[in-house]
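So the sequences go chain by chain: A and B.
Counted from 1, the first sequence has number 205 at position 205 by the working numbering; the numbering is strictly sequential.
Counted from 1, the second sequence has number 331 at position 30 by the working numbering; the numbering is strictly sequential.
Calculated from the structure, these hints are not laboratory results.
Hints are all accurate, no fakes.
Part of the chain B face toward chain A, derived, beta carbon under 7 angstroms: (1) Arg395; (2) Val399; (3) Ala406; (4) Val408; (5) Thr424.
For lysine-lysine, the following DSS-like pairs were computed, each having C-alpha atoms within a straight-line distance of at most 30 angstroms: (6) Lys436(B) <-> Lys474(B); (7) Lys203(A) <-> Lys436(B); (8) Lys474(B) <-> Lys384(B); (9) Lys203(A) <-> Lys474(B); (10) Lys203(A) <-> Lys384(B).
Beyond 10 angstroms from chain A on every Cβ pair, some chain B residues (computed): (11) Glu306; (12) Gly308; (13) Asn313; (14) Ala317; (15) Gly354; (16) Asp435; (17) Gln438; (18) Gly459; (19) Val489; (20) Leu517; (21) Arg526; (22) Ser541; (23) Thr543; (24) Pro561; (25) Arg569; (26) Met573.
Yeah, the Cβ is synthetic: ideal placement off N, Cα and C, and Gly gets one too.
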Amino acid sequence: MSSLDLSPVAGQLRRHSWLTRIWKARPPVVIGLCLGWLALVVIAALFAEFLAPFGFAEQSLLTRLKPPALMGGPAQSLFGTDDLGRDVFSRVIYAMRTSILIAIMATVIGATVGTALGIVAAHFRGWVDDVIMMLVDFQASIPFLIVALAVLAFFGNNFLLLIVLIGLFGWDGYARIARGLVLSTNGQGYAFAIRTLGVHPAKVYIRHVLPNMLGVIMVQITLNFPEIILLETSLSFLGLGVQPPGTSLGLMLGEGRNYLTTAWWMGIPAGAVIFLTTLAISLVGDWLRDMLDPNLGNKDL
Amino acid sequence: MTDGESGVVASNLVQAYSSGRKLWGKADEFRAVDRVSLTIAEGETLGIVGESGSGKSTLGRMIAGIEAPTSGTVSFWGQRYAKVGSPDWRRQRRDVQVVFQNPAAVVDPRWTIHAQVREALTTHEALAASEADDKAQAMLALVGLGTMSNRLPHQLSGGQLQRAVIARALVLKPRLVICDEAVSALDVSVQAQIINMMLELRERLNLSLMFISHDLSVVRHISHRVGVMHAGQLLEIGDSRTLFENPQHDYTRRLLAAIPADSPRQRRERDMNAFAALAAASSPSPIQASL
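Start from the sequences, fold in the hints, and give me the full structure.
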């Protein structure tokens, strides 16, 4: 034993959980602002009924197209009113709920399906890999918006179909990333080594490969999430997404387009929310990636 | 498991890869390992030396059973390896372990080294949680990492991490450990630590070792017998001292001449001889040799 004590005695290192690590890292001001904005968006989406002063379909034809409260409009309408006299502020809050809900569900669908297919492709190789990668190429080469329009026009519009359709947008990105990561760890990396210990492949994927992929998948989500919001926005803008009297950010933007020169407040607030939300998610995602990387998380050394 | 026959007997191992497919006719075949037979007795250390691409790693992978040979057989304590990836194959893993060159690539960067050693243990043995913890901790203490068991891989040096990997390999008390260039990436003083540790653990656990390296002096130090590989073939195999002092094969002589010498004058003389020998017969590429 004595000759084997080769290393100088070092004190036990305290290991921090990733939550503590994020807390200790003291997010920069910009990230703080982004997190604050995202928190606001989530709160608005969750508690729309309590926060919105009016219902999203509540019309008042006598007060149509009034400018925002601070620009000479009626005091009760913070962002003014639209062409049917509906309160723009209330509608933005409800629109956030719809758009965020669709984006979150669609992202979950895309990330799950894509990652699973990528792992399956890399694990089985051979014809399974060929078929899945062919689908990925297929997905990447078709103009998704056109297909989505065709599907929605053909099958009629319903909320579930819309979510599934938007969810399938971007799965190919996850599949490619997952496949590449699994291939590299299966080849010579830790997944291969741990399998030679006799651990079942399924356990290797669940315990080791997936948690290690999470950082990269997270970044892909933050890249994909804004795109999904924009896709939902585009579909609604074109009239094939969320249908009136329902509301979404894209639909509001679409309705506001006709009045852009005369009543800009109808579309601009929705556009600003889209812009700020997608930007905030991208920045936070980048920062989170750095936090979750164990090789960069050397703050606790 | 003991069927009277102990140790490893490999006979006529061939690993062939097809390189490119022609439109008509058969694909070119490249034999990474070509008809190699060898034995490793219980408790014995067999060194395998050879230049890069000579097939020594492929040979090691076949002996370990993580790659099935194209033809030939491996008898491991009287047993054949099951199909790679099958449940039987997974059970066989506890008896044969491989230590690779780059320790950072073979550990999960998110798990403490204690958790990784523990995982190897609990994969093959149903243990109470505290017992598994203790056994893993004891194994890490044995390789001198007792105080660092809660560290993540990136918090250890290369040598420390390689010791953790060795702990993970040895915690199941395997019969055979294959070290594939296990110390080649480490600096010389750390190499010495790890090799001395391996020597001690070898005695303690009655391990059979297959020590693959391009570093002749390391192999000489640790091995009972040494085999020389070149272009997929085992040119020569024999007792370590005999082979190093009286090499039979011309290639072995040239390989030995490439060991750095102790004094500049000695080195000059050797270099002259070595270069003359190399110029006389430059070593053929493995692909050409197989065609």
